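Enquirer: The residues making up each chain are set out below.
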Amino acid sequence: MEETELRNRLDALARRTAPPAREPDDLTATIVARHHAQRRRQWAVAAAIVAVLVLVPAVRALTTREPQPAAPPTGQVDVFGAPTRGSLADDTALIDAIQRLPWVRAGDPPDEGPSMTDLHVVWADDVETERWALVAGVVAPAPPAVPADDAPLAVAWFVGPRGATAEQLAMQHLIRDVDRQLPTALTGYRTGDGVFDSTTVVVAAPEDRIEVSVRPEIAASGTVTRAFVGVPPRDGVAVVFDTHWAIGDPALHYRVLRDGSYVILRPDSEVDSVPPLDRDPAAEVPVERLRDAPSGHPGDMAAPTLIAGLLADTGLAPDQLVATVLWAGDLPSVVSESARATVMAVRLPSGAIYVGGVLGQEGIEGPFGVLCGSELRAAAPVEQLVVVLHCSSAPPADPPDVGERLIVVGPPEAITARVLDAQGQVLGSHPMVDGVAVVPMPDNLATVEVLDPGGDTLDARAPMGVANLSGD
Amino acid sequence: MGAAENESFHDFVFREQAGLLRLAILLAGDRGHAEDLVQIALMKSYRHWARLTRSGTPSAYVRRVLVTSHTSWRRRLATTEQVMETLPEQADPSGIPDGEDEELRRALRSLPPRMRTALVLRFYEDLSEQRTAELMGCSASTVNTQTARGLTRLRAALSVPAPRDRVREEQ
Chain A
1 MEETELRNRL DALARRTAPP AREPDDLTAT IVARHHAQRR RQWAVAAAIV
51 AVLVLVPAVR ALTTREPQPA APPTGQVDVF GAPTRGSLAD DTALIDAIQR
101 LPWVRAGDPP DEGPSMTDLH VVWADDVETE RWALVAGVVA PAPPAVPADD
151 APLAVAWFVG PRGATAEQLA MQHLIRDVDR QLPTALTGYR TGDGVFDSTT
201 VVVAAPEDRI EVSVRPEIAA SGTVTRAFVG VPPRDGVAVV FDTHWAIGDP
251 ALHYRVLRDG SYVILRPDSE VDSVPPLDRD PAAEVPVERL RDAPSGHPGD
301 MAAPTLIAGL LADTGLAPDQ LVATVLWAGD LPSVVSESAR ATVMAVRLPS
351 GAIYVGGVLG QEGIEGPFGV LCGSELRAAA PVEQLVVVLH CSSAPPADPP
401 DVGERLIVVG PPEAITARVL DAQGQVLGSH PMVDGVAVVP MPDNLATVEV
451 LDPGGDTLDA RAPMGVANLS GD
Chain B
1 MGAAENESFH DFVFREQAGL LRLAILLAGD RGHAEDLVQI ALMKSYRHWA
51 RLTRSGTPSA YVRRVLVTSH TSWRRRLATT EQVMETLPEQ ADPSGIPDGE
101 DEELRRALRS LPPRMRTALV LRFYEDLSEQ RTAELMGCSA STVNTQTARG
151 LTRLRAALSV PAPRDRVREE Q
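Protein chains in written order, with our numbering: chain A, 1 to 472; chain B, 1 to 171.
Some clues are possibly wrong.
Residues on chain B that point at chain A, a partial pick, calculated with CB under 8 Å [unchecked claim]:
# : residue
1 : Val13
2 : Leu42
3 : Met43
4 : Asp101
5 : Phe123
6 : Leu127
7 : Ser139
Source of the hints: derived by calculation from the structure; they are not laboratory data.
Quantities reported herein were computed from a predicted structural model and do not represent experimental measurements.
Glycine included, C-beta positions come from ideal geometry on N, C-alpha and C.
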């Protein structure tokens with residue numbers, strides 16, 4: 001293929017497959033809202049901390065209502081500035097060698113890394129059985145239009161066996177644009193004996209107080225909170241060890257206290273290169289069924305990923321969960337012959353219930369799953385739950401497709417699903433068979449009422465969004 | 001940010017969004033990731049918008065952020081998003097591309113991200129080696145190597161009928 005032909009084909013591919021552009025007003029509003037939300041999450045609570053009576057209500061406010069507008073960080077703290085910290089800081093030969101390491105992943109040629117300037121080892125230490133180092137630098141050349149002194153600072157984490165030489169350290173994670181004033185952290189996983197072992201290293205400014213919450217706490221009411229405990233830092237660096245039955249975004253969150261303000265963050269992690277366990281914890285969660293199981297389908301493999309995600313997000317063990325398949329059945333699909341929808345309720349130790357629906361189907365690149373929605377509910381009998389899900393076998397940006405369905409699951413006595421718009425106008429009523437209705441997704445749907453044979457409303461629900469298990 | 005900068009940002013979104021989405025779909029390979037990439041690039045650029053507009057056109061900066069966000073893709077999701085672990089996030093029927101499009105899309109996705117990025121920037125964006133290197137944060141010689149290797153692999157992939165099943169994206 002000649003280069004001209006490649007140019008033409010790339011152009012055609014881009015034009016024909018790019019997502020449609022969103023309304024500029026809408027996209028701009030989304031960007032601005034996400035920007036402000038991010039800032040609010042980062043600098044969430046500015047509170048006088050000398051008085052416990054003031055601090056406690058402030059922390060409670062953080063967990064129970066919208067965070068207050070960001071309090072700007074006071075002073076110009078540079079988390080990644082000199083001198084090098086950690087027990088290896090005085091080993092100048094090692095530190096020099098670490099500083100010269102190429103920023104490439106194991107197995108990649110050394111010349112494939114970015115060109116760096118102003119390299120500096122921020123921290124290097126032996127952590128249990130491993131040697132860790134954090135290196136900062138500026139990717140050269142600096143981006144156009146940005147003053148050199150404000151060029152994005154990049155950091156790279158290197159990890160190797162305890163006592164490793166610089167050459168034995170491998171780059172685990174690269175962040176190309178860090179905020180110099182904010183701490184950074186990495187959770188590294190190792191495949192252990194039936195569980196994943198993790199090490200989380202938080203590098204903050206030397207004067208920062210570091211607190212961690214290893215996992216969210218989900219109450220019987222379905223509310224999610226976090227309790228943070230102080231971790232004694234050395235020179236502004238804290239290390240936390242943990243074990244997990246599934247891995248994804250770290251369940252651990254951390255916060256640092258600086259000048260009377262908390263900044264709450266999540267560590268980065270790399271999970272793709274972690275070998276799997278020799279057991280499947282998601283398969284160890286007992287699964288009951290409320291209704292008969294349909295015949296096997298390639299999309300059945302999506303349901304266990306719902307449980308695996310829950311294990312990763314909550315940090316809970318498989319024997320702490322009990323799952324119930326409320327309903328499973330097939331929907332039409334634009335991708336494959338059919339898609340398997342599974343609606344599941346998982347009881348958590350507190351009694352709260354995680355309800356979720358997932359669509360599994362066979363694509364040309366192998367089986368894949370799409371989350372239809374999830375929610376946390378207060379403790380209740382699972383057979384009485386009313387679940388409303390909008391499942392689509394195509395990305396939301398596409399026009400409505402033949403696979404787009406409304407799934408309503410209720411108690412066995414439910415006989416009617418009444419669909420309402422935002423003004424409460426009835427858009428339609430659908431019979432429920434064995435407490436289930438699956439119908440094409442109506443336009444303008446806001447709520448679904450589930451009625452018993454007497455016409456009484458058992459429950460009314462909007463289609464599920466995505467459960468927030470983070471506790472932020 | 002002031003009203004003037006907000007208006008300028010809105011105008012930029014109006015002018016450049018379609019082009020950014022086209023670049024992103026070639027880099028990311030599916031619509032979901034492409035939309036995410038564009039949003040991430042715009043959000044990161046919004047932070048510096050006042051300075052970027054004072055210093056000239058922000059287009060190059062936004063594209064650089066988009067490219068670096070793609071090559072350092074970390075699968076870190078916003079609080080309200082959730083991924084089904086071990087599975088591709090979403091199907092991409094994407095208007096059902098024709099056979100040639102699909103063949104090229106599959107061949108591109110089989111390349112390592114940096115190799116794919118070099119090819120897309122050189123042959124879709126028509127950038128020089130030096131300019132591509134600036135966007136990717138590497139040397140021009142690395143771009144040259146990646147481009148040559150990428151072309152060889154792409155030609156090989158396009159000359160052999162690819163299997164229809166279970167082509168997994170290289171991480």
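Enquirer: At a threshold of 8 Å, is the proposed contact between Val13/B and chain A supported by beta-carbon distances?
Expert: Where the cut-off is 8 Å and the nearest Cβ of chain A is about 5 Å from Val13/B, the hint holds.
Enquirer: Does Leu127/B pass the interface hint, meaning its C-beta sits closer than 8 Å to a C-beta of chain A?
Expert: violated (12 Å)
Enquirer: Identify whether the interface hint at Ser139/B stands, where standing means a beta carbon of chain A within less than 8 Å of its own.
Expert: holds (6 Å)
Enquirer: Less than 8 Å between beta-carbons is the criterion; does Leu42/B satisfy it with respect to chain A?
Expert: holds (5 Å)
Enquirer: Hint check: is the beta carbon of Phe123/B less than 8 Å from a beta carbon of chain A?
Expert: Status holds, d = 5 Å.
Enquirer: May I ask you to test the interface hint for Met43/B with respect to chain A, counting a Cβ-Cβ separation under 8 Å as satisfied?
Expert: holds (5 Å)
Enquirer: Quick check on Asp101/B please, does its C-beta sit within 8 Å of some C-beta on chain A?
Expert: holds (5 Å)
Checked against the numbered hints given earlier, the structure breaks only hint 6 and satisfies all the rest.
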